[in-house]
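Position chain B relative to chain A; hints supplied.
Number of protein chains: 2
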Amino acid sequence: MTEQAPGKVNMDKLVSLCKRRGYIFPSSEIYGGLGACYDYGPLGVELKNNVKACWWKAVVQERDDMVGLDASILMHPQTWVASGHVGGFADSLVDCKECRKRWRADDVKDGKCPDCGGELTEPRMFNLMFKTFVGAVEDEAGTVYLRPETAQGIFVNFQNVLNSTRRKLPFGIAQIGKAFRNEITTGNFIFRTREFEQMEIEYFVKPGSDEELFQYWVGERFDWYVSLGIKKENLRLHQHSKDELAHYAKECYDIEYLFPIGWSEIEGIANRTDFDLRQHTSYSGKDLSYYDEESKEHIIPYVIEPSAGVDRSVLAFLADAYDEEHVNDELRVVLRLHPALAPIKVAILPLSRNEKLLPLSQEIYTDLRRYWMVQYDNAQSIGRRYRRQDEIGTPLCVTIDFDSLEDNAVTIRERDSMRQIRVPVKELKSTLDAKLNGEPFEVLPPGGKKWLGFED
Amino acid sequence: MTEQAPGKVNMDKLVSLCKRRGYIFPSSEIYGGLGACYDYGPLGVELKNNVKACWWKAVVQERDDMVGLDASILMHPQTWVASGHVGGFADSLVDCKECRKRWRADDVKDGKCPDCGGELTEPRMFNLMFKTFVGAVEDEAGTVYLRPETAQGIFVNFQNVLNSTRRKLPFGIAQIGKAFRNEITTGNFIFRTREFEQMEIEYFVKPGSDEELFQYWVGERFDWYVSLGIKKENLRLHQHSKDELAHYAKECYDIEYLFPIGWSEIEGIANRTDFDLRQHTSYSGKDLSYYDEESKEHIIPYVIEPSAGVDRSVLAFLADAYDEEHVNDELRVVLRLHPALAPIKVAILPLSRNEKLLPLSQEIYTDLRRYWMVQYDNAQSIGRRYRRQDEIGTPLCVTIDFDSLEDNAVTIRERDSMRQIRVPVKELKSTLDAKLNGEPFEVLPPGGKKWLGFED
Chain A
1 MTEQAPGKVN MDKLVSLCKR RGYIFPSSEI YGGLGACYDY GPLGVELKNN VKACWWKAVV
61 QERDDMVGLD ASILMHPQTW VASGHVGGFA DSLVDCKECR KRWRADDVKD GKCPDCGGEL
121 TEPRMFNLMF KTFVGAVEDE AGTVYLRPET AQGIFVNFQN VLNSTRRKLP FGIAQIGKAF
181 RNEITTGNFI FRTREFEQME IEYFVKPGSD EELFQYWVGE RFDWYVSLGI KKENLRLHQH
241 SKDELAHYAK ECYDIEYLFP IGWSEIEGIA NRTDFDLRQH TSYSGKDLSY YDEESKEHII
301 PYVIEPSAGV DRSVLAFLAD AYDEEHVNDE LRVVLRLHPA LAPIKVAILP LSRNEKLLPL
361 SQEIYTDLRR YWMVQYDNAQ SIGRRYRRQD EIGTPLCVTI DFDSLEDNAV TIRERDSMRQ
421 IRVPVKELKS TLDAKLNGEP FEVLPPGGKK WLGFED
Chain B
1 MTEQAPGKVN MDKLVSLCKR RGYIFPSSEI YGGLGACYDY GPLGVELKNN VKACWWKAVV
61 QERDDMVGLD ASILMHPQTW VASGHVGGFA DSLVDCKECR KRWRADDVKD GKCPDCGGEL
121 TEPRMFNLMF KTFVGAVEDE AGTVYLRPET AQGIFVNFQN VLNSTRRKLP FGIAQIGKAF
181 RNEITTGNFI FRTREFEQME IEYFVKPGSD EELFQYWVGE RFDWYVSLGI KKENLRLHQH
241 SKDELAHYAK ECYDIEYLFP IGWSEIEGIA NRTDFDLRQH TSYSGKDLSY YDEESKEHII
301 PYVIEPSAGV DRSVLAFLAD AYDEEHVNDE LRVVLRLHPA LAPIKVAILP LSRNEKLLPL
361 SQEIYTDLRR YWMVQYDNAQ SIGRRYRRQD EIGTPLCVTI DFDSLEDNAV TIRERDSMRQ
421 IRVPVKELKS TLDAKLNGEP FEVLPPGGKK WLGFED
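Residue numbers (our numbering), protein chains in the order written: chain A, 1 to 456; chain B, 1 to 456.
Each hint should be verified, as a subset may be incorrect.
Treat identical chains as interchangeable: a pair holds within one or across any two.
Think about it this way: if two alpha-carbon atoms lie no more than 25 Å apart in a straight line, the pair counts; the simulated BS3-like pairs of lysine-lysine are [to be verified]: (1) Lys178 - Lys131; (2) Lys101 - Lys168; (3) Lys57 - Lys429; (4) Lys168 - Lys206; (5) Lys178 - Lys19.
These aren't lab readings, by the way, just hints derived from the structure by calculation.
So that you can see chain A by itself, here it is in the shape it has in the complex (with noise of 0.2 Å):
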């Protein structure tokens, strides 16, 4: 997990140009931070709100067998005693005699301090989950947890949502929020927090039918990835063993990606079978029966969940999109982000300073950011200002000259090919939607001059 992978970017570059352009900082970094969290910078939150929107667009508003869900992070703690975590989701640890030092008794089956080489404790079993207390005393009674899953606030509102929305089988509840798990082996930037977000389905499907639908998921969410940019070699499935395998889950894909730090995984779908609803049903004492119009009969479904950690989805967007080339003898790094996710679309750039150009490159800057996150930038050449661009992702910039000032005319540059192509002021809305929408370079906007070349 700590090697190299070939050919990818190195993970102190991608860590180093997170933090100096905004993408991502250590947290509370003037205390010393905090072990294993982060913060999303200016570009970061944009990049981050973007693959959440466009998450929920792929399977909340673009389907029709899917509802959306935010339940809180607090939660009743018997659905943690129902889902298993209170007696289950536990790491077995030892502590080195010598140095005090912590280790998962997994790494350390030689039993000396991989450290110092000291003498560990016998194994014992620590609970992942966050403890906190509700009301005004630190008792047993008030004990709450930090969610660790944003699973089981989907399973608990199974009947209100069935009842509010009078679904029929198959359907979905989708849900984006943050989880918390006090992990011993943190670590790989924002791979693996303590506090991180998840981006999950539960998708109830009649038992019987439940092995097509979870191969469907299978290749619904492998191709989401490729459809945002993610290159298709840089994916692969890993099909979980029985060793391996939840005691809940009939079967279980891995889509892993190549990571810096190697293959690993972005997103699991499980099949979790009826467990979850059975165990709440047995728990709660409520029904959470299904009722088939068809077969006059009421069913527990088996549930297909497709469940994304959307940190580790920033990550592969990132580590994908990091590209270095030489462009007239010097480096030129460039973040490939495809347009939808990209933090800024477009940046607005006078050729110079010249009062001249403000009113022209004001007046389109402030049309065009009622529809994008739009940025302007009149510092410092016109080469560096693409460059700066190009580092930090953004698809499109658009160049005011002085031939503006006579032909109403004004350049658009593309990140990816540094072709540029000349268009009318009034046409310049619709070409940028449709460059943003996938148009090829080559494409002519109405009213466009010819494509220009390359200008860097």
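Below, chain B without anything else, positioned relative to chain A:
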């Protein structure tokens, strides 16, 4: 706070609609709920996301002096020492010696339990921050807090944002996120909950310009609610007197909304001076100053903080939108939500289940859901379906009838006026777009037939 504001929707009625139609459910309801926690259902999550997206668009995307941030919920504990929360974020509580019930000392000034008349203990201080433990041992060293406000995540990142974005004063950092307070007195639905979401701006200004910019932000934020449909007469400003001001604040206004429970705060705008940056400078030993190129001096900026509650805003938008009227001798319940906030923008309603209507209806549905949250409904009479959409606040319905198969035109019906117009299918998307963006229903689309009048 518990009385009924005259002329406003009754809170029970709103709570009932929210549960029945999938806006808001009590959290972990199958286990009896968790005090003052709520889950957003399929419509609620869309409304809440729309509120957040409108805020983000107004304060980040459409401004050139603001950037976003998303800091983690778990922060270095020293943050809360510096901010004053460890020392001072506490309520004074008393217990009843008879019935053990706990009260805020403020609420029981006469020394007898309001419930049973029993004698009360001496008051003791109780910190409102939720505490948890990072790492394997539950001790002082591993104690962290769930953030009680999002603001501090901005202050500790002040230099990171400055360094990565090269901003000049005045500029702001905006953030949306969860915060947690272990409140003793909760209630009034989602008005006061232990887990809640904030939309906060920290706007950094030069000392001396703070009073003017404070007034500016009071106006901006008031107008934002009005721009999204809140009736002006249901909003008012409350200026904090010297007694009410927080110790760090030079000035503070609350924006109050006339909730069903009476006038209460939805947003506070405070002039926090340089208190926070100075405290963090002092506790972290890091330089959090800003270099002013004009005066060639390092200064500690003042901060204007408009801080809004997401959940309270959602409640205000719902309460303000709720309306009842008599139509054809029946009660029509209608949520007059602003189109930008409405969970479902357009409902596609084939006149009947006749399969001849299916292909065109499905074609329209599949096309439109690429742009908006759209619902397809073919159950029950068209009148019942209009009422269902009215009750959840859908601004526009599209009806496909048998004439549509001949003239390739459909009917658009507006929620608020119940007016109808007939529109060629090829003009449908652009017409819906215009109507959702405020074009009055008197304006006919190109190729649209004459206004059809009221048909409900």
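Taking the hints in turn, this is what the structure says about them:
{"no.": "1", "hint": "Lys178 - Lys131", "verdict": "both (15 Å within a copy, 17 Å between copies)"}
{"no.": "2", "hint": "Lys101 - Lys168", "verdict": "neither (53 Å within a copy, 46 Å between copies)"}
{"no.": "3", "hint": "Lys57 - Lys429", "verdict": "both (23 Å within a copy, 18 Å between copies)"}
{"no.": "4", "hint": "Lys168 - Lys206", "verdict": "within (10 Å within a copy, 59 Å between copies)"}
{"no.": "5", "hint": "Lys178 - Lys19", "verdict": "both (22 Å within a copy, 24 Å between copies)"}
Of the numbered hints given earlier, the model fails hint 2 alone.
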